[in-house]
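Novice: Protein chains in written order, with this note's numbering: chain A, 1 to 185; chain B, 1 to 728; chain C, 1 to 327.
Honestly, the hints are just simulated from the structure, not real lab data.
It cannot be assumed that every hint is accurate.
Here are the simulated lysine-lysine pairs, DSS-like style, with alpha carbons at most 30 Å apart [what the hints assert, rightly or not]: (1) A:Lys43 <-> B:Lys649; (2) A:Lys43 <-> B:Lys309; (3) B:Lys726 <-> B:Lys645; (4) B:Lys303 <-> A:Lys43; (5) A:Lys45 <-> B:Lys645.
Pairwise CB distance ranges (calculated) [said to hold, decoys possible]: (6) C:Tyr13 <-> B:Asp637: 22 to 32 Å; (7) A:Glu110 <-> B:Lys106: 34 to 44 Å; (8) B:Pro308 <-> A:Lys43: 13 to 23 Å; (9) B:Gly411 <-> C:Tyr13: 53 to 63 Å.
Here a beta-carbon is modelled for each residue, glycine too, at the ideal position from N, C-alpha and C.
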Amino acid sequence: MKHYAMVIDQSRCVGCMACIAACVQENQVPFENFRTRVLEITKGKFPELRTEFRPELCNHCDNAPCVMACPTGASYKREDGIVMIDRDKCVGCKACIAACPYDARYINEEYGFADKCTFCLHRLKKDLEPACVATCIGKSRIFGDLSDRDSEVSRLLAENESRVRLKAAGTKPRVFYIKRYPTKK
Amino acid sequence: MAISRRNFLKCAALTAGGAVLAESPFVRAGAKAVIKKDIRYVPSFCEMCFWRCGLIAKVEGDRLVKLDGNPLHPQSRGRLCAKGQSGMGLLYDKDRLKTPLIRTGKRGDGKYRKASWNEAYSYIAEKLTAIRKKYGPESVALFAHGSGGAYMGNFMEAWGSPNHSHPSYAQCLGAREVAFTLTFGQGPASTAERYDMANSRVMALFGSHLGENMHNSHIQDFVDGLGNGTKLIVIDPRYSTAATKSSMWLPIKPGTDIALILAWINIVIKENWYDHDYIAKYAIGFKELKEAVKNYTPEWAAKKTDLPKHQIVEAIRELGRYKPNVLVHPGRHYSWYGDDTQRGRGLAILNALLGTWGRKGGIWLPPKVNLAKLKKKIKYPKPKRDSLAYGDYPFSSAGITTEVRQATISGKPYPIKAWFVIGTNLMKTMPAPEITKKAIDNLDLVVNIDLMPTDMVMMSDVILPAASYLERHDDLAVVTQKNAGIAIRQPVVKPWKDVKPAWLIANELCAKMGLGKYIEYKTLEEHMREKAKLWNIDYDKLSRVGYIPIPDSYHPYITEKNQPKFDTDSKKIELYSSALDDEDMDPVPRYTHHREPPAGSFRLIYGRSPVQTFSRSINNKWLWELKNDNAVWLNADIARQMGIKNGDKISLINEKGGKSNVGRVKVTERIRKDCVYLIHGFGSTSKRMTMAYGRGIDDTQMMTHYATDPICGTNGLRVNFVKLLKES
Amino acid sequence: MEFTITGANALTYPHLHIWDWRVAIYLFLGGLAGGCMSMAAVANLRPGKDVPKNQACCWRVPMMTPIILAVGMGFLFLDLQVKEHMYRFYMTLQPLSPMSWGSWILVLVFPAMIAFALSTVPESAMDNLKDGMIRNLIIKAQNSMRPLAKLNFLLGILLSIYTGILLSSFMARPLWNSSILPVLFLNSGMSTGAATMILMARRNSIKLFFTKVDIWLIFSEITVLVLLYYGQFTSPEASRESIMPFFTLTSQYFPYFISILTLSIVLPLAIILKFLELSGDHSENLELTFKQKFEMNASAVLVLLGGAIIRFALVYAGQLSKFTGLS
């Protein structure tokens, strides 16, 4: 069984937002809604500064609070790890939005259902990478199968110290971050 | 029935087949209507900016639904930036120009009536004929940017005016081309600059904010370099995106770059970091250079540049240590201080000394392309008067917009009475828009060919709506990455409403003016096919795949057999430029002091957002939602002193007391105290741009004056100071 | 630290705002319905087994309760984004989702509530009732008044607790994510239930009894409320930050500051009024004076007001809180 995961090499992210634009078009995300975002965080005092670029998206948690909170079973976890929403079952109660510590979800205002990143499941089925990964100008987003030990994601996680967001929340995310800052040589 | 975005979703999911249907994220209750539409994939290349990335358009029925990078095309390599991804935002912008418009009110008050193409052409013809009669055909000028410029250029040639001008020259990269041509006999090229960043061991950026300046393959190379361990040195008064990736950030005092460059040249020579064999073999003027820079010590530079001496020395030693696989990035936007050609010369000399031209990790050599030229079937008339667009500068190499503007006001050396503008928003391009307005007042005819009702478009007498890059052919493009190839632009959807491609507009204008004999082709595609045939390229295959490489063009690095050619007077790299000497200009760059902002004022520096192409794309809803404002960067300490908090409302005041829009401030540690920074292109004054109107601050409006490069006539735009006013 | 964010949803940034007054009212009315169930049960159980049937105490409250809950659910319904999928709640039971079993509780309490309400119909009202199904039902229910009252007492508690658990189960929202919250909502539900009894009861003995009960409930409500804030204050950063809106006097947080200020006036004032009132003469036959009635009813209204403020303040403030800011 596949174990999908994303690794984000922050040292390669230049905050160009191509991922967001690609996601919006690929998934027909409504105007002013987003499934992925980019944070730019700067610490320090002039001229001793460091800045982190951090793309964020649904973490497809193995211990997903949104799935637990969903009263109708609309949010569910697939065997390959992708957290999905069955739009037919969603009542738009927004419990999943409250439950998600990553604020990964939004309401599709036109139809009312909760929505979020799907790892571009419809593309995966055609053997294509998620749209954000496919267009990432810095190749900062890397997608793959953790159950395959030779995959690039597996290799990167083996070679690098990785982080997940809000580890203490115990959600077991499947989006991993490596190389938070470029190394000062 | 035109299907909506969301209807499309339903269809896409439903037509994808039963297996997918079962767990498709797209299917909703009640979505039963299955509209079977064919899906086509059409390759073309992008014009959201001018990098011309290969794209593949996914078209559903007659509607464009997705744009992706063409993996074959070396400018995109299968990827598109945010702008490229959002092309449908331009194509389907509800504010787009839909029909020709003729002005009914006063210029600038936005009153127009719809007109047929024939009416519009007749209006233009009448005015042009009158101008020709009274002032001569040369009194018509062209301002052009983008693919369409060439066709209007043809029209100008046929008409008999030599006054073409390009903001990309005087307001952007002109000085670089001149500087590198003076040194190496050729520039680093503009689309796909030949910088081997992916292989650089050490790279220095002078103010080039790569990442914010989002040119697709350029950034891919840049980041690949970072991934490969390039040591990055960034010289910038602002902690730019690129600076965040650097191992050394030199927050230089704005306007003192030449001091640093000269000190570096001096150190390279004194400490023997230069590539001896390379210089001996390919360069001349080393001795004169050595003599000229000997007094520019690191101590001196430290004082001028406000940088610690040890940083200055360390940085250049790092470059020296890894030469020649290093790059002193020549940059792109050059219109800074009016001595820009000399700064470019300095950077060129550094690259020469470190031996980067033709070396891995440096500046690769152009690919070998031997494409025959189509035989011109027509001969344009020779204008009676010389072009005034080049001004009185010894090395100006393209039409200078501000010279045309000046001549329009002064009537000297001869009057300019009509402007054709295509693809450029002059009100946001040329400094001091007040002067532009004054020039426009002197005109008998202003014609704009554009897609959106920009500030400049709303100054025209006649507006001609152009087809977007997704609706038209453009001439075959020769792509010159390390490999060369041919790319095609072709319509991916039918043009909407009553718009026409620029080539057709130019041809129809010719016909209208009785210049039919100068029309080169009936349809552009026929011309393209002819070219393809001449170049031995299968046109039909090209239109299917989008890009066809030219075999054996890859020769990026110097080898025994692959020697560089320098097209200078001496056929060598000119460290000391006798061409400049002949014109009584400094043959080796010299440091000149620029005025500094008085207390309470800040130098205005400006830049780019990775999701916007100047003011061109600010009304695109899919980019608007990513960036619709340009907060002014202000140093945190200064902000504290001024009692300004992050996100406060502020306005800028220029040196003539002119006030900007009210905008927001970004209080940040990421900028020096003596300057403020904002993203160029915002603050649209055109009410017809409903998304962008009035949003953000217009930096161009804050530029009351500009410096002029005495060598090539390009503008210096970073010479303006502003005050910051807190608004309630 | 500086940061910019591109691609945030207005629904979750700069803070969550998914639920508004509709949900606050729903939680309030849900708690109130629970309180009414339990308190009305207490009122009817208290006289003991020897009391002849049909001597129901304050039957108007059990009659009102289903309506209160139905109105509350109406507000919840208003908040649902896909109303036509409402039935999906009842196609499944998601054991880990409080909202799922909550929606089942909401349905299950109705029969119990209505049965109990019927069982409390007094003889006097029966006279006007014609023979028929309803009359038969009432007579049947009257026979099981006590077990129904006990069931209602329990379900009332469950319902009140549920309105709190609905919020407290969200680990992502530190202000809500406290096990004290369901206790607070239970307590508040009960005290508002008691207040309703005071307002609605005709008999002085019942009014007086619930006035006494409410004193204890308000005392414990204040204690639990203080404990909630104290617990948050002594917890990790995100939880501590989560109560700051209540103690920050800026225009942005003004409503929260006012809410805590009002609570700290309203609840003690309700107690004081009750003590004032208890100090009077209360023999069963005596007519209550206007002053006594006013004090009783005013304190009851204050309790209801306090209960509503707590729901509103916590529903809104909870959405300002985040697990942690950025990392």
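Novice: Hint by hint, note whether the structure agrees.
Specialist: The hints, checked one at a time:
Taking the CA atoms of lysine 43 of chain A and lysine 649 of chain B, the gap is near 24 Å; set against the 30 Å cutoff, the hint holds. Among the hinted pairs, lysine 43 of chain A with lysine 309 of chain B is consistent with the structure: their alpha-carbon atoms are about 25 Å apart, no more than 30 Å. A threshold of 30 Å between alpha carbons decides the hint, and for lysine 726 of chain B with lysine 645 of chain B the separation of about 10 Å falls inside it, so the pair holds. For the suggested pair lysine 303 of chain B and lysine 43 of chain A, the alpha carbons sit about 28 Å apart, so the restraint of at most 30 Å is met.
For the given pair, lysine 45 of chain A sits about 16 Å from lysine 645 of chain B by alpha-carbon distance, which is consistent with the 30 Å threshold. The beta-carbon spacing between tyrosine 13 of chain C and aspartate 637 of chain B, approximately 29 Å, falls within the hinted interval of 22 to 32 Å. Checked against the given bound of 34 to 44 Å, the beta carbons of glutamate 110 of chain A and lysine 106 of chain B, roughly 43 Å apart, stay inside it. Our hint of 13 to 23 Å for proline 308 of chain B and lysine 43 of chain A holds, since their Cβ atoms are close to 22 Å apart.
Remark: the range hint 53 to 63 Å for glycine 411 of chain B to tyrosine 13 of chain C is upheld by a beta-carbon distance near 56 Å.
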